[in-house]
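**Q** Using the sequences provided together with the hints, build the complete structure.
Chains as they are written, first to last, in this note's numbering: chain H, 13 to 481; chain P, 13 to 481.
Hints in this document: simulated from the structure, not taken from any laboratory.
Possibly wrong hints are sitting among the right ones.
The list treats identical chains as one, so a pair stands whether inside a single copy or across any two.
To be verified - Listed next, the in silico SDA-like pairs over lysine to any residue satisfying Cα-Cα at most 20 Å (straight line):
| no. | residue 1 | residue 2 |
| --- | --- | --- |
| 1 | Lys-71 | Asp-176 |
| 2 | Lys-254 | Ala-138 |
| 3 | Lys-386 | Lys-403 |
| 4 | Lys-258 | Ile-46 |
| 5 | Lys-403 | Gln-393 |
| 6 | Lys-403 | Thr-251 |
Spelled out from the first residue to the last, the chains are:
Protein chains: 2
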Amino acid sequence: MFNISINTKMKNYLFSIYLLFSVPSALIAQQDSIMLDKIYEESLYRGEAYTNLHYLTKKIGHRIAGSAQAEEAVNWSKGLMEKLPFDRVYLQEVTVPYWDRGEKEVAKIVGSNESLAVLALGGSVATPKDGITAEVLEIENLSDLEKHGENVAGKIVFVNKPWDESIVETGVAYGLNSSQRSRGPSQAAKFGAVAYFFRSLSSSPDDAYPHTGGTGYTKGIDSIPAAAISAVSATKLSTTLKANPKLKVYFKQNSAWKGLVETHNVIAEWKGTDKPTDIITIGGHIDSWDVGEGAHDNGTGTMGTLDAMRTLMVLGYKPKHSIRLVFYMNEENGVQGAIKYGEEASQKKEHIVAAIESDAGGFAPRGFDIKASKEKVSWIQNNWKPLFEQKFWVSRFLEGSPGVDSGVWGRQFPNTIMFNFRPDPHRYFDLHHTEKDVFEAVDRRELQSGVAAIASLLYLLDQHMEEIQ
Amino acid sequence: MFNISINTKMKNYLFSIYLLFSVPSALIAQQDSIMLDKIYEESLYRGEAYTNLHYLTKKIGHRIAGSAQAEEAVNWSKGLMEKLPFDRVYLQEVTVPYWDRGEKEVAKIVGSNESLAVLALGGSVATPKDGITAEVLEIENLSDLEKHGENVAGKIVFVNKPWDESIVETGVAYGLNSSQRSRGPSQAAKFGAVAYFFRSLSSSPDDAYPHTGGTGYTKGIDSIPAAAISAVSATKLSTTLKANPKLKVYFKQNSAWKGLVETHNVIAEWKGTDKPTDIITIGGHIDSWDVGEGAHDNGTGTMGTLDAMRTLMVLGYKPKHSIRLVFYMNEENGVQGAIKYGEEASQKKEHIVAAIESDAGGFAPRGFDIKASKEKVSWIQNNWKPLFEQKFWVSRFLEGSPGVDSGVWGRQFPNTIMFNFRPDPHRYFDLHHTEKDVFEAVDRRELQSGVAAIASLLYLLDQHMEEIQ
Chain H
13 MFNISINTKM KNYLFSIYLL FSVPSALIAQ QDSIMLDKIY EESLYRGEAY TNLHYLTKKI
73 GHRIAGSAQA EEAVNWSKGL MEKLPFDRVY LQEVTVPYWD RGEKEVAKIV GSNESLAVLA
133 LGGSVATPKD GITAEVLEIE NLSDLEKHGE NVAGKIVFVN KPWDESIVET GVAYGLNSSQ
193 RSRGPSQAAK FGAVAYFFRS LSSSPDDAYP HTGGTGYTKG IDSIPAAAIS AVSATKLSTT
253 LKANPKLKVY FKQNSAWKGL VETHNVIAEW KGTDKPTDII TIGGHIDSWD VGEGAHDNGT
313 GTMGTLDAMR TLMVLGYKPK HSIRLVFYMN EENGVQGAIK YGEEASQKKE HIVAAIESDA
373 GGFAPRGFDI KASKEKVSWI QNNWKPLFEQ KFWVSRFLEG SPGVDSGVWG RQFPNTIMFN
433 FRPDPHRYFD LHHTEKDVFE AVDRRELQSG VAAIASLLYL LDQHMEEIQ
Chain P
13 MFNISINTKM KNYLFSIYLL FSVPSALIAQ QDSIMLDKIY EESLYRGEAY TNLHYLTKKI
73 GHRIAGSAQA EEAVNWSKGL MEKLPFDRVY LQEVTVPYWD RGEKEVAKIV GSNESLAVLA
133 LGGSVATPKD GITAEVLEIE NLSDLEKHGE NVAGKIVFVN KPWDESIVET GVAYGLNSSQ
193 RSRGPSQAAK FGAVAYFFRS LSSSPDDAYP HTGGTGYTKG IDSIPAAAIS AVSATKLSTT
253 LKANPKLKVY FKQNSAWKGL VETHNVIAEW KGTDKPTDII TIGGHIDSWD VGEGAHDNGT
313 GTMGTLDAMR TLMVLGYKPK HSIRLVFYMN EENGVQGAIK YGEEASQKKE HIVAAIESDA
373 GGFAPRGFDI KASKEKVSWI QNNWKPLFEQ KFWVSRFLEG SPGVDSGVWG RQFPNTIMFN
433 FRPDPHRYFD LHHTEKDVFE AVDRRELQSG VAAIASLLYL LDQHMEEIQ
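**A** Dropping the structure here:
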């Protein structure tokens, strides 16, 4: 019936699923449970997210928006979608600012052989060509700048706020420190700092790798070069500063914005049978930072949501609502893909009833954060959680925030129910935005178990969207 | 107050905890929540399970019961316990049969260069000194032996039942196949087989490592040599057999039982203030298989339960009930440690009110299986799950089986409430009983998060044991 290979075992399923969709409503819960079994069986045995992720990470590699690799990922993804029985696969034009890291950054304590592991923050300007040599002012919070006043001028401001290791939900710990990354350089420059070092947002104090991430500059204030420094190097620098507060650090990087680049979101549509103009959007961002391989952030999210749709297709499912897969460009440094998606959908007055985003890694699936009224969240907990909890170890269905991309375009769609896929949070911020975020850090069973959870949610949403209340 | 180092931050806690235990009962739930915060903070910042695990795995290594390493682990563990303010630390004598693998096993397809990755099953006899060369009969289930009848004689029986990859709870998939490991050699020998190959109990079909595990022989039937064959080698052998059913395999191993050895359980007791004769037993097995480093099985269980107790101690907690930490010897091939523990406790008519066991790895904690009445499980779900679920991502409190050791001694204590710690199940059976079960496969945050979950449960049990109904 459609253009994908189906083995014999699957043919038997197709028949049983045909039966499944023709039985009376009293058996719906049992039908759902049987369908979830099929989904898990398909994903765990024959899932393709892991092998696709291998190609994305090893053949294409990291892919910052605007780079040649990002566009290669766009075209290759489009090709993957075209092999599946979508009704339409297309690119949506997105203009992104392209930032290039340039040569490897250099930082060292002057007069010693101590190298500091640093990585330019995304969006940072370069140092002067010959680098900067300056004293260092260590603070824990940006708010400490005030009290140092004139003492800041001419120095490298070094924000060394430790990660709160006690928080199991590592995303919360990330949130506690991340605003100092985005706002730090301009705050420090206001006081005359010449550069900005930011202790990496890593969940491990023993982490030798710097974690990059976006920063920005406030108009009217000098843009100063900014870099993340690894937890280990931050501790080393802090210790050395205690012994010698007048030490100087040499710092050089030549990152720069390189102008605007035309690139794309990748979109595939699977038309609904009953309500074709009611759209469920699913996806994640296809770009990554320019280090590592963008495996957990966000190769798993894109390859996972694509494989969730493949899973339903190969099971012979026909959606009631239209399901639209979106690979957003530029989540990491500008969110231009999500902005464009929202603008177009809004102009067309589209009816996006629900959204699922995956952008928190490919670890063992734990559940979904839900942006909806308390009543709706409660309905989902009562009706859907029992289908997942005991058998599939997915039990977290809590009110929460949408993913970054859905959150951005969702400003124009305030009534859309949004689901943010939540894999286990323990390991994510050891890898996030670093050289360590590679294919080898992804476990196949964990990834495909997550794909099954996402496909199951998508199925339930499509079947029961109108019942949620 | 006691013999462990306490930093300044902890001193502040001790005072707040002193206050905590002197407030009226209306605030109990809030007290519990605050105590759990302290426990997680201590474990995630200053937990010692991970560093102790490093010593156990790297300095002592694997430690099959009866080996010198197992006894080294016993004595080293006793030393660890003696550094903490237990009231009593002692060894309990256990006699175990010692099985030795001998030289590296050899298996190859005769006339080819194809080596097969095999590992003697624990308890297996040796092949004749010069090995066995025989044809191979591949079956999927032991029950297939009957229909092959006389055709079995003189052959190597090769049970190639694939792992059910669709089951998220991998322990269930393990259970579906494991009886063929324990009963297989004698069943095959009854039909005249000369050796037994068993497809490894691995959750990955791409696994190149064989997984060992215990087997046994039925009295009155010849004991034939038995080995696990890796999933990859099993598939290779199966494919080659299809092309050439008459192929012969050469197989040699010289494993053997080496008689009885006197060894020990390691036990530490922390006396209760209110009900010193009511005992909560906590622990896991200290032995491992003789490959890899016994990291997830069960270095994490022993070092984790010890660290859970250290956590409560360092927080200044004083238990109401006596808490007894037990490191059981010989869980892997004989369960003699648990048998001895049960016998002695039973002879002394001890009152063991509850038990916690950790023997399912050191992955992200998901919850506890509970052996208790439905009513009690339900009470625990209602009262304790909310303390863990949202903040600490621990949400699985289901009726279930105890761990192997508690299950064994628990036959004499049918009324003891038993908790079986459940970490995430996705990765365990990729590593279990193989060369891959090493320290590097353990993540510090996941392990210490599990320690905190166990310490929290232990605290709640001690505080509210008598309220469970």
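**Q** For each hint, tell me whether it holds in the structure or not.
**A** Comparing the hints with the structure gives:
Taking identical chains as interchangeable, the C-alpha atoms of Lys-71 and Asp-176 are never at most 20 Å apart, the minima being 36 Å within one chain and 31 Å between chains. Taking identical chains as interchangeable, the C-alpha atoms of Lys-254 and Ala-138 are never at most 20 Å apart, the minima being 28 Å within one chain and 64 Å between chains. In this homomeric assembly, Lys-386 and Lys-403 come within 20 Å of each other (Cα to Cα) only across copies, at 18 Å, whereas the closest approach inside a single copy is 26 Å. Taking the shortest alpha-carbon separations for Lys-258 and Ile-46, neither the intra-copy value of 68 Å nor the inter-copy value of 43 Å comes in at or below 20 Å.
When the C-alpha separation of Lys-403 and Gln-393 is checked against a cutoff of 20 Å, the pair qualifies both within a copy, at 16 Å, and between copies, at 17 Å. Taking the shortest Cα distances, Lys-403 and Thr-251 never come within 20 Å of each other, neither inside one copy (50 Å) nor across copies (33 Å).
Figure legend: structure checked against the earlier numbered hints; hints not met, in rising order: 1, 2, 4 and 6.
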